[in-house]
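**Student:** Keeping their order, the protein sequence lines are chains P and L.
The numbering of the first sequence is UniProt numbering, which starts it at 1 and goes up by one.
The numbering of the second sequence is UniProt numbering, which starts it at 1 and goes up by one.
Derived by calculation from the structure, the hints in this document are not laboratory data.
Any given hint might turn out to be false.
[Stated by the list, open to error] In the DSS-like style, the derived pairs of lysine-lysine whose C-alpha atoms are separated by at most 27 Å in a straight line are:
#	chain 1	residue 1	chain 2	residue 2
1	L	331	P	274
2	P	267	L	1056
3	L	1056	P	38
4	P	274	L	1096
5	P	174	L	740
[Stated by the list, open to error] Covered stretches of chain P, going by a simulated chain L footprint (3 or more residues, C-beta under 8 Å):
#	segment
6	34 to 42
7	61 to 72
8	108 to 114
Note that this is a predicted model, so its numbers are computed, not measured.
For every residue, glycine included, the Cβ atom is placed at its ideal position computed from N, Cα and C.
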Amino acid sequence: MSPPAQIPDYTILPITLPATLLVGAATHYLYLRRHAPKQPAPHDPRSLFVVNVPVDATTAHLRALFTGIGGGRVEKVVFDGDRGATCGIGKRKRHLAHEVGDGGEVWDRQLCKSGSTAVVVFVDKPSMDVSMKTARKLSKTRVVWGDGISEGVNIPALGIPRYLAHHNLTHPSKTHLQASVNTFIAAFEAEERVRLRALAKRRREPDDDGFITVVRGGRTAPARQEEANAVLEKKGKDKHEGFYRFQVRQERKNRQMELLKKFEEDKKRVADRKNLRRFKPL
Amino acid sequence: MAPATKKRRTEIEEGDEEVRAKETIGGLSSEEEMEAVSKEDDFGDRTFEAKSKPRKTPKHSSSEQEKAQAISESYESKTNVFRMETEELLSEIRVDYRKRMAPAEKMLHKLKNIIEKIPRKTGATIDKVEGEMRKCKIHIPFPEPRPGADIKYKFSYERPAYMNIAGSYALKTVAKQHEGFAIDLIIQIPSTVFQEKDYLNYRYFHKRAYYLATIAEAIQDSGLDLQLSYVDLHDDPLRPIIVAAPSGGSETDFTTSKCLIRIIPAIAKNTFSASRLRPDRNAVRPVAERDTAKNSLPPTPRYNSSILADTTYFEHLAQLHDISSEAKVFKDACLLGRTWLRQRGFGSNINQGGFGHAEWSILMSLLLKGGGSKGNSVLAKGYSNYQMFKAMLQFLATRDLIVNPLLFDVESECARWPNGPNVFDGKIGLNILFKMTEWGYRLLKHEAEITLKLLSDPVMDHFEEVFLHRLDDPRFKFDALAYIPIPECLNKNNGLDPLLSFSQKLYDMLSTGLTDRAKLIHLTLPSISDLPVRADGINRSPAPAAQIIVGLLLNAAQCNRAVDHGPPAGHKDGASYRVFWGDKAELRRFKDGSILESVVWGTKDSKQSIYNQIIQYLVAKNFGDGIGNHIKFIGDEYTTAVGGGRDVSLFQPAMAAFEKLIKELRNLEGLPLAIRQVSAAAPVLRYSSVEVPLLSSGQLMQPADVVVQFESSGRWPDDLIAIQKTKTAFLLKMSELLEKAGTVTRIGLENIDYPTMNSAFLEVVYYEGSAFRIRIYHDREQTLLERQLLNKDLPGKKRDEVTAALSEHRRRFIVGPLHTQEVQKLSHRFPALSPSIRLLKRWFQTHLLSREISEELAELMTIRTFVATSSPPNSVMSGFLRTLHFISLWDWRAEPAVIGTVAKNASETFDAIRKSDPAINRHAMVIPTEYDPTGTTFTEFGPRKVVAARVTALARSAIGASFKNMFISSTKDYDFVMYIEPKYTLPGIRSKSSKFKNLQKTEITPQDIAKLGLNVPDTFVDELNDIYGDTVIFFTDGNIIAGLWNPSSESGRRWKVNIPYSTIPQVRGNGEEVLVLNKKSILNEISRLGGEILTKIEIIK
């Protein structure tokens, strides 16, 4: 079975993952095509869409890869953000997004999910075209993943240093944390003040149609949903139930129906278990 | 039903009610309880009344009627379901006689013909008899003592006076069961074979044996394809019978009937004088002193009963026939009783307790006729089958037949029975429970009590526990076991049955010695093997293991007491106390000034539990070291396996440190809000962590989760992210204040990618080694999250996030602390709970499952074992094994494991969960509790369905295995295994890196604190899980990581952009292009990610 050179619309670019101390080298397959998203963006014409990026890919890795195959220069790489993948079963679902969260980074190097995608943006369209062409040609010889990364680029190591760094990053210094909390709270309060002021304004001044919007915060605040529900429920109870004979009859009928339903359910449950041969006392 | 009938019935019942309420069995211990039950039964009676009708006309013309029943006011789901289940059970175990039994019936006719044709033989001497049988190579099953060569009496054979089927087959109450059942062919020996005094000195039994051998010879000669063997009827060595098994092949083969034929000799009622065979009479005269006065001879009740029992077959059959035509449900109740007894390992055989379905049905027939205090009947004929069954259990559970025997048609004292229960049928002159030993009876009573409590559970119906589960393994039934070897030469002079008298002695000795440490002591005697009919035949069954199994039900509060107090010095009992305990007894003065005889047991130096020390000491003292040193104890190894034994006091240092933390937090001055509550939420603080915390100095414990709640305030922001920041600000303030007081603190971040989840925690470290992780609970968060979920326009991704945040919040801040509180409480109530939980967690760890089975889930599984029964386990062994047993039986796909009295809609909630996710992608196991009614809080992240199935499979194989094998895990089931460098495992990271033992630092250093909470393997596997999702399932115990490729990923698929794993493009044979899983590249990636963490990757498949 030889691998096909092309699957619909995509170019296959095999690369070699270098051997580690424990396992030998392996071949990894990248799938490339011109980037053509549904919502076009300005740098689309000079971008390549890459599928099945190795999990430890960084911008430097991909840059070195395309340089390695004799392609053009890469301006930047946009890694696939959270694709909403459904691996909610692990201990905790963690995003492997490359955007920097507002709580500070806790990893010195982010990883991609297995099989994920990335958009490689080249400096110009010819660079992209060259890369695509060489990729097609080069499908026989292999580029080694991670080779040719220029010395100046400092990529944080994987393995134990990465986890130790993570441990340290999750325990930031208190002064640093205090500062960030203070900034946030100051900003939040300022925003809140602005919001309240806007609300107050809407409360006072009629809108274009001449109505005054009812919003939270006024002297007579609108009732909360829960409270309204509670009141409604209370009202329902005050109704004169069982006053007319038809009501009594209706109620009895309802109760009987309910019991009957329950009976049928029970019966079904027993039948289900019978089907599973659960009544054999062996 | 017609209204008139109903009215009349109600009237009758109302009249009945009073009578029945008073109709308590004479001398009941708890009259109230009985009354409550009989009332409930009356209530149920009304419900059931109409249903006995549909059963008579079985096929579903009844559904209309049932519906009518359902909508009547008294409908109750639980009872109704139980009734339906009972009907299903009965239909499952009933035997189709006509279809299945035809071949066996044919064989019976053949046998009958053969036996009828046997010629008459008279007046043969012992020599002649033995010679005759030796010639045709037939063994005569003479019971011990065998007839001597000098006996005067003659043997003879005459055509049976009567021959017929009796027993449960004749009554049509046999049940389908694995091992098949037996048809009893009763052959009544004509009384002319015997002389008046033949009841004496085994003469009856010897003649009976010859009679039996003659029949065996005739059948053997007839050339029928049968396997014949002698079996002691119900292990009674005096009464051998022939058991004929089909051997296949010929046309008379009855293998398809799946039964055995037992040929049982019997005698007519008037063959011997019944009054001479009363339990207080002697029928075995000593050989030497023939002329001793009759009165001084010891009574031989068992011997007498063995003779009388041979007269009862047809009598009982008639009695049962009569009663079953009067009470329609009698047979059903017999079947239920039979099933119940069998599942608990009870049978008519002496070593199975001596109470089987035969005794059940006879006792029930007697109780339908009488047995009440004023001669009224205990059971009513109008009961439904379930009520009849329950009332029988009620009788067995409440009436102590040893202290308070049940006598029928008896006028005098003559019916007294030593050491055992007594149900004396005066008409026959027989105690129908004569085969029961004291311990067998106590166990039966205990089981009846347990079941009765289950049946009275107002919430659940426990049908499976009552009828469907096999509960006869002694390792679940008892808390501790001891295998005591039987001395090889039992004292033959010591009564008629030396083994029985030996075990009785043992039982009495252990009861005295163990006092209130054991609630129940049970002995299981070895079973007696079959004897081949032919003298040169090979014995098919293995030789009996010469051991008695002692099973103990412990009293958890008392069983580890170190000192036993005896009578005070100078008391008249002192001497006997000293004789009993030998050198162990000593006089001691106690704190309160009293001077008592006492026995003191070692607690520290010995690995053996105190009750085992007592057994060992007493057995060695009374039966010699030869036996005492060869006792095999089972149970202690479970206790020692968890390290540190079974005491919650091990956790005392951690609990004390927690108290200290609370105090310090409460004393903090300068916090903007006052602290309302500090609650624990960690295994360490509920006695259930595998490792005992703070055991060795110089080691920090893993930080224990603590939840702090402040007084409510209106000044909290009303925005989830701002709340998290405010909480961080609070933690910073607390940290500042604590540091001022000299405590070491650190702030850690979590859930960085989930801004709405809790984002920070405060670690507090004490130099003694304790460490805590404080999070702040703010109740507004839940409301805000719930409000977001109400928003219908929320995009799916965001909704998932909010749902995750909500469940995280509930688990961390609401359910977690409640769960901790509950486990703490229960650990004090059940001393065996904490070690059982820890052992179970270790078991999960051994099998690399501890990532999938959360700590809380393991705790809940164990708690269920303790709470869901009325007889909670009292030792680590029974606690652990019963939990495994539960896991092995739990059908988690179809039912939740409910703990305690949860809301009644638990099953509806469960149905909703399954309905919304029929493939069971989440929440494979559901355990609802009072504080977590949905039952999914702790099974959110596992086990997955595959893993849950593996748990069940492992539990199934573990319950049959020995203790050692239970904790051996093999890696052959996985696809690949990775080994973690010991330096980076959790203990490796925590250990002090010093070459020299004597230089080992015993202080907590700043480096230790910096490493607090660092768990590299765990983080690594977390990451792998995130990266590879469902493609690989990872299992780990912290030392190795095993992986399993998901079969659905392995199969290969068509091109698609979002395949969540690395692939290789391939062309299949049919030209189809597919992408297959690139295992090699994935392993390469993993190896690169792990770097120096991994030392070896082994590919197994």
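**Student:** Now tell me, hint by hint, if it's right for this structure.
**Tutor:** Against the structure, the hints:
no.	hint	result
1	L:331 <-> P:274	holds (22 Å)
2	P:267 <-> L:1056	violated (46 Å)
3	L:1056 <-> P:38	holds (17 Å)
4	P:274 <-> L:1096	violated (50 Å)
5	P:174 <-> L:740	holds (14 Å)
6	34 to 42	violated (count 0)
7	61 to 72	violated (count 0)
8	108 to 114	holds (count 4)
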